[in-house]
Structures are given as structure tokens and as C-alpha cells.
Amino acid sequence: MAAWSVAQRRLHWAMAGLVAVNFLLALVMVALPLSALFAKIITYQLHKSLGLLLIPLWVWRLWLLARRGRPAPVALPGWQHGAARLGQGVLYALLIAVPVLGFLSAAAAPIGVETVFFLILPIPHPFAPDQALYDVLRPLHQGAAWGLVVLAAGHAAMAIHHHRRGLPILRLMWRGN
Amino acid sequence: MLVTPKPPLIPRRALAGLVPPLIGLAAAPAQAARVFRFDHTQGRLEFIARHLMVLTSTGQFSRFACELILDPDMPETARVAVQVETGSIAHAYPGAAELLRSPAYFDAERWPIARFSGRAKPGGRIEAFELAGPLEMRGVTRPVTMQARLSGRRRDAATGAEIVDCTARGEISRSAFGMTADSLATGDRVQLAVSVSLVIG
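Listed in order, the protein sequences are those of chains A and B.
Residue numbers for the first sequence follow my numbering, beginning at 20 and rising by one.
Residue numbers for the second sequence follow my numbering, beginning at 34 and rising by one.
Incorrect hints may have been included.
Said to hold, decoys possible - These stretches of chain B come out as covered by chain A in the derived footprint (C-beta under 8 Å, 3 or more residues):
no., stretch
1, 79 to 88
2, 151 to 165
3, 213 to 219
Said to hold, decoys possible - To list a few chain B residues with every Cβ distance to chain A over 12 Å, as calculated:
no., residue
4, V68
5, T91
6, G92
7, T110
8, H124
9, E142
10, R171
11, G172
12, T200
13, R202
14, V232
Derived by calculation from the structure, the hints in this document are not laboratory data.
Beta carbons: idealized from backbone N, C-alpha and C, even for Gly.
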């Protein structure tokens with residue numbers, strides 16, 4: 020395979036955008052005071068909905084990767100190539116772990132507010148609110164989300180770094196050739 | 034927790050506000066009617082609000098006292114009096130209890146007690162009967178009807194006591210009590226739910 024397919028590239032950027040927007044939403048929704056109740060509820064539900072949207076996109080992306088593969092690796096020192104593959108593997112793992120942990124965390128939250136996908140489709144929680152479980156899941160979700168954002172930022176920084184050195188990594192994902 | 038018709042389980046002082054409405058009940062016609070007293074240590078009193086029409090959140094009062102005169106075989110003769118400390122709101126979301134105690138909601142500092150006294154409406158069955166009466170909250174009194182039911186009548190294997198689960202649900206318009214804050218985010222109708230297990234024999 021010489022290049023990423025159009026679907027692979029669009030999915031890459033769509034998921035990157037969703038992660039960035041959802042991370043900012045998380046910061047806002049937590050910081051909003053209860054006196055701004057309408058905005059707080061909307062941001063929480065939007066955060067949960069965008070997070071849930073990442074799950075099927077992740078499955079689609081992995082399916083495309085398995086079906087179409089990836090472009091031949093550019094010329095990089097062995098250790099950089101290994102580090103990039105490791106980083107991408109962890110990114111893929113976090114891209115599914117963060118939304119799943121978030122959903123489970125919402126299910127366990129003692130407040131017991133439902134998850135309604137874009138305020139239209141109710142998504143049943145797999146278990147009843149549970150304070151002890153919430154105390155485990157919430158920090159896991161939060162920590163994994165910070166890990167995802169830091170790693171994604173590093174991933175982006177390395178892509179820009181290689182782009183400046185004339186390597187086609189960023190171009191292949193942006194324009195496809 | 035089970036409630037038996039024993040001597041008062043709640044402090045007499047806490048019941049002070051409940052006694053007047055119950056004096057007239059002593060002459061209730063049903064011979065088997067008994068007085069059940071319970072509070073927050075034995076039962077639950079919750080309120081459920083709707084948000085944006087599709088979400089719900091539940092809070093509860095962690096201090097209340099209730100006297101129920103009830104003949105489990107004749108629920109249509111039931112009488113109830115409830116006294117709630119509005120400052121005892123508990124809510125799982127951090128900061129929500131403080132907001133609900135504030136003047137925009139229960140105004141607990143100014144109106145520390147809410148009261149309800151109800152009588153069963155005629156024609157009720159043990160599975161479903163109505164308790165109707167005035168609810169006083171935030172200095173406003175409005176009629177409220179609670180849908181009560183006795184269910185799960187059973188004998189406790191350990192003690193041999195006969196037990197029945199008593200629940201009551203009702204709905205109020207919060208704006209009718211002057212609670213109009215956050216009307217964009219929170220619906221006007223708020224459900225009230227009481228549940229307790231009574232030892233009846």
C-alpha cells in the first residue's frame with residue numbers, strides 16, 4: 020500500500036478533532052458552576068455523546084487498518100521507528116479505553132444521571148450507580164484522558180518535526196501522497 | 034429497615050409539629066388501625082427532577098419524621114403526617130445540596146420545615162390508594178396527592194413478623210411553591226417518593 024486511503028485519513032483527523040474538542044469540553048463542564056446549570060448539563064451530555072461516538076469510529080478505523088493496511092514506513096532510524104509504532108499502539112489503546120472508561124464512570128456515578136446520545140437516544144447503563152466503583156473508574160478515565168492528550172500532542176509534534184526535515188509522514192496523512 | 038408499631042422511634046420534639054394533625058385521627062373507625070412512626074433512619078424520602086425533558090436526577094432528605102395511621106386491611110382509612118427538615122437535603126452531585134438549600138430553591142434558612150398531612154381518598158385498594166392533603170413548603174400551602182401502595186406482604190423468616198412494603202409517590206409543581214430557578218434546565222414537575230417497610234403483625 021502506497022498511501023493512506025481517503026477514509027483512513029478522514030477518520031484520523033475526525034478522531035483527532037473529536038478528542039481535542041471533547042478534552043476542552045471536559046475542562047469546561049467541570050469548571051462550570053451549578054448556577055450555570057443549563058450549560059453544565061448540555062456540556063456533560065455533549066461530552067458523553069462525543070465520547071461514545073469515538074467507539075464506532077475506532078472500530079471502523081481498526082477495520083480499515085486491517086483491511087487496507089498502512090503505507091510503507093518512511094526512512095527513520097530503527098529506534099525512532101520502534102518508538103513511533105509503540106506510541107501509535109498506545110494511542111489506539113487509549114482511544115478506546117478513554118471513552119469506555121468514561122461511559123462506565125458515568126454509569127457508576129452516584130448522581131445516576133442517564134446517558135442520552137445527543138439528547139435523543141437513551142443509552143442504557145450496564146450497572147447501577149456504585150460509589151466504590153466510581154471512585155476507581157473516574158480517576159482512571161481522567162488519567163487515561165490526560166495520557167491520550169499528552170501522547171497525541173507528542174505524536175503531532177513528532178509529525179511536524181519530521182515534516183520540517185522533509186519526511187512525508189504528515190503529508191501522507193494530510194493529502195494522501 | 035423495618036418499622037414496627039412500637040413506642041415512638043423518633044424524638045418527641047421532632048414530632049411536635051405532627052401531633053396536632055393526628056389528634057383527630059384517634060377516633061378513626063378502623064379497629065385494627067395502628068400508628069406507625071418512622072423517620073430517615075428507617076425509610077427514604079426522595080425527590081426526582083427532570084432535566085431537559087430526558088434526564089433525571091434524584092436527591093433525598095436525610096432528616097424527616099412520619100406518622101402513619103394505617104390498617105393494612107383497610108388502606109382507605111389511612112392518615113399520614115410528615116415533617117421534613119428542608120436543610121437536610123442530600124445530593125450525590127457536589128454542591129447540589131447547597132444550591133438546593135439556597136433561597137432560589139428550598140430557602141432552608143427561612144423555611145426550615147416542610148409539612149404534609151394527608152388522608153386516604155375513598156375507594157382505594159391495598160395495591161393502590163391515594164393520600165391527599167396540604168403540603169406546606171416555603172411558606173406556601175398547596176394540595177398534593179400521593180399514590181400509595183402496600184406490596185410485598187410477607188413473613189420474615191427470622192423473626193416471624195409479618196411485613197409489608199409501603200411506598201408513596203406524588204408530583205408537585207415547584208413553581209407553585211415559588212421555586213422557579215433554572216427553569217430552562219429543570220422541569221417544573223418534581224416527583225416525591227417515600228418508601229418504608231412496616232411490621233404489621
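Hints, one by one, checked against the model:
no., hint, result
1, 79 to 88, "holds (count 4)"
2, 151 to 165, "violated (count 0)"
3, 213 to 219, "holds (count 4)"
4, V68, "holds, 34 Å"
5, T91, "violated, 6 Å"
6, G92, "violated, 9 Å"
7, T110, "holds, 36 Å"
8, H124, "violated, 8 Å"
9, E142, "holds, 18 Å"
10, R171, "holds, 19 Å"
11, G172, "holds, 23 Å"
12, T200, "holds, 18 Å"
13, R202, "holds, 17 Å"
14, V232, "holds, 27 Å"
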